[in-house]
Amino acid sequence: MNNPMNDTLTGTGPETRLPTGTLCLRLGRRTLLLERRAWLTTLGLVLALTLLSLLALTLGSGKITMMGVIQTLLGEGSRLDQVTVFKIRLPRIVAVLVAGAAMGLSGCLVQTLVRNRLATPDMIGVNEGASLAIIIFSLYLTLGSWPWWAAPFGALFAALVLYALCNKPGEQGYLFVVIGIGVSELMNAIGQFAMSTQSLVHLTSLYLWNMGNFVGQGYGTVVPVGILILLICPWVVYLSRALGVLRLGSVTARTLGVNVNRVQLGVLAQAIIVAALGTAIGGPVVFIAMAAPILASWLSRDRIVPLWIAALCGALMLLASDTLVRVLASPHEVATGIMTRILGGLLLLFILIKDRQRAD
Amino acid sequence: MTLTVNRLHFGYQHKAIFEEISLSIPQGKLVGIVGPNGGGKSTLLKLLAGQEQPQSGEILLKGRPLGSYGMKALARELAYLPQRPLVPPGIRVEQLVQYGRHPHQGWFTQWSEEDARMVDWARERMQLDAIWQQSANSLSGGQAQRVWLAMVLAQDADLILLDEPTSALDIGHQTEVMEAIHRVAAEGKTVLIVIHDLATAARYCDELIALGDGGIQAMGPAREVVTKSLIDRLYQTDVDILHAPGDGAPVIVPRRRCEEVPRRRQDTARGKQSA
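Residue numbers (our numbering), protein chains in the order written: chain A, 96 to 455; chain B, 264 to 538.
Any given hint might turn out to be false.
[To be verified] Pairwise CB distance ranges, derived in the manner of DEER restraints:
1) B:Asn300 / A:Gln452: 30 to 40 Å
2) A:Ile446 / B:Ala393: 26 to 36 Å
3) B:Met482 / A:Gln452: 51 to 61 Å
4) B:Lys491 / A:Trp393: 52 to 62 Å
By construction, these hints were calculated from the structure, which means they are not laboratory data.
A quick note: this is a predicted structure, and the numbers were derived from the prediction, not measured.
All C-beta atoms, glycine included, are put in the ideal place defined by N, C-alpha and C.
From just these sequences and the hints, can you work out the full model?
Here it is as structure tokens:
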């Protein structure tokens, strides 16, 4: 094997030349690369999230000032404020954050895998499958609690239907998305039909939930879902390096030593489960899974696969939508999904028009 | 011998691409695989790279069957560049070349001195200093191929398989890339390249393998292999072979196409019966 040390390289010196824009943590022979821009963006997003959460806690039918919110969080503050913050607003905000993060993460996973920005769990029927399962279980089975655990089954079912119809998502991205939209509409229709067989009295909350709704959310669903998502995260981290290489196409990835089939299946499974769990909280919230990764890759300038940034963006976008809905519709309650549809629809139009312009 | 192939058989459902091919690639040489379109050149390369599995026969890399290597281990021994590699949006030349180090990295060894050295070496060999920070989507054909070659170099594999690296390029870029490949082979790497331009192959390659009609039609030193009768057999074209003034490399001038396909098939059938 050639020894490039025999060549005279200019300007290397004793230090290792790092990839541009990275920091290297070194412990003996172990090294860890940190993308500077990605970490700064992450910190910025966490800050923005914190501020927005605090703002959201002040808003609502009972006005609390920012100082009042901070005092209440620290343990002081009036009884009324404590109830409002801890029993009503905070659970809802936590639910929104977890659902938004789940959507952002799974959207990024699928978009990267399929190499198509329209391919996200909310567009290809995975979310609708999840909510269909929950609808069926809650309508036809008398259960005491909310059957959030049914969501992954429904999502898996939708994914199997999708896979049966198109089994090369990486190569046939466009076909995959179109079939996905069909599957999504089908699941939605079946769900609507199931709901139409029941009397309206039983339905109101379920119907609202199916539009993407976080009114009256407690910790009952968010806590188990959040724990499960946290348990999946190490697996997501484990496959994320290979996923980055997979962006070069399956042939190149294979020649660089990536087990393409295993990574693809793993990433897809992760995306489906995370999306399903996120759907189980507040219903199928559309467009967050599509929009958050796009914002994330714009912020990180496409250098890496922005999985965690997409999760944070998803949380931020959903919280913004939810807060907006609460403020605008006050004192009525409107489903958050309405706002995500409006904003997301505008974003989708914008993207399609820009793509069209670039293609011309 | 770096790479040995024994009685390889590969085909799709009804059609055999090749039957009972055996060959061995010597170490440190630039070997060209030539032949008509549809003759199986790219398929052979994919099989040798482990991207596809043969129906029967074995491929031995450094004496061990290809299948016995783990994926990352194989990636450290063998680098393969497909015909039209995908360039993801937003990626810069530097990052693309750095991806070549992936087979040598792990979760706790994400960047090492060796990585930096190999990337620098690849960058220098392929003369990428000017475009190092550019977006990979904005490159010309020749530049893009040099970038992919740099990634392959950074991978630091002893065996490099290239599928038609110069097909879509104009003569200037073609020369640029072939010279770069020749430099790589001169470093001591074994390079196997599928190339449809016979004259270019004969000029730059040490040895040629002519693949066609389900088997190997000729194999040997490049300038000896390229003969009128071989070209007639492979491409059914009558040609004149001249010699370039500089280095004596064959220059092929087509005269006319021969419509002798039916007779050739009969010959082959007769040949098989008598064997």
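Against the structure, the hints come out as follows:
no.	hint	verdict
1	B:Asn300 / A:Gln452: 30 to 40 Å	38 Å, holds
2	A:Ile446 / B:Ala393: 26 to 36 Å	33 Å, holds
3	B:Met482 / A:Gln452: 51 to 61 Å	53 Å, holds
4	B:Lys491 / A:Trp393: 52 to 62 Å	60 Å, holds
When the structure is compared with the earlier hints, no violation turns up for any of them.
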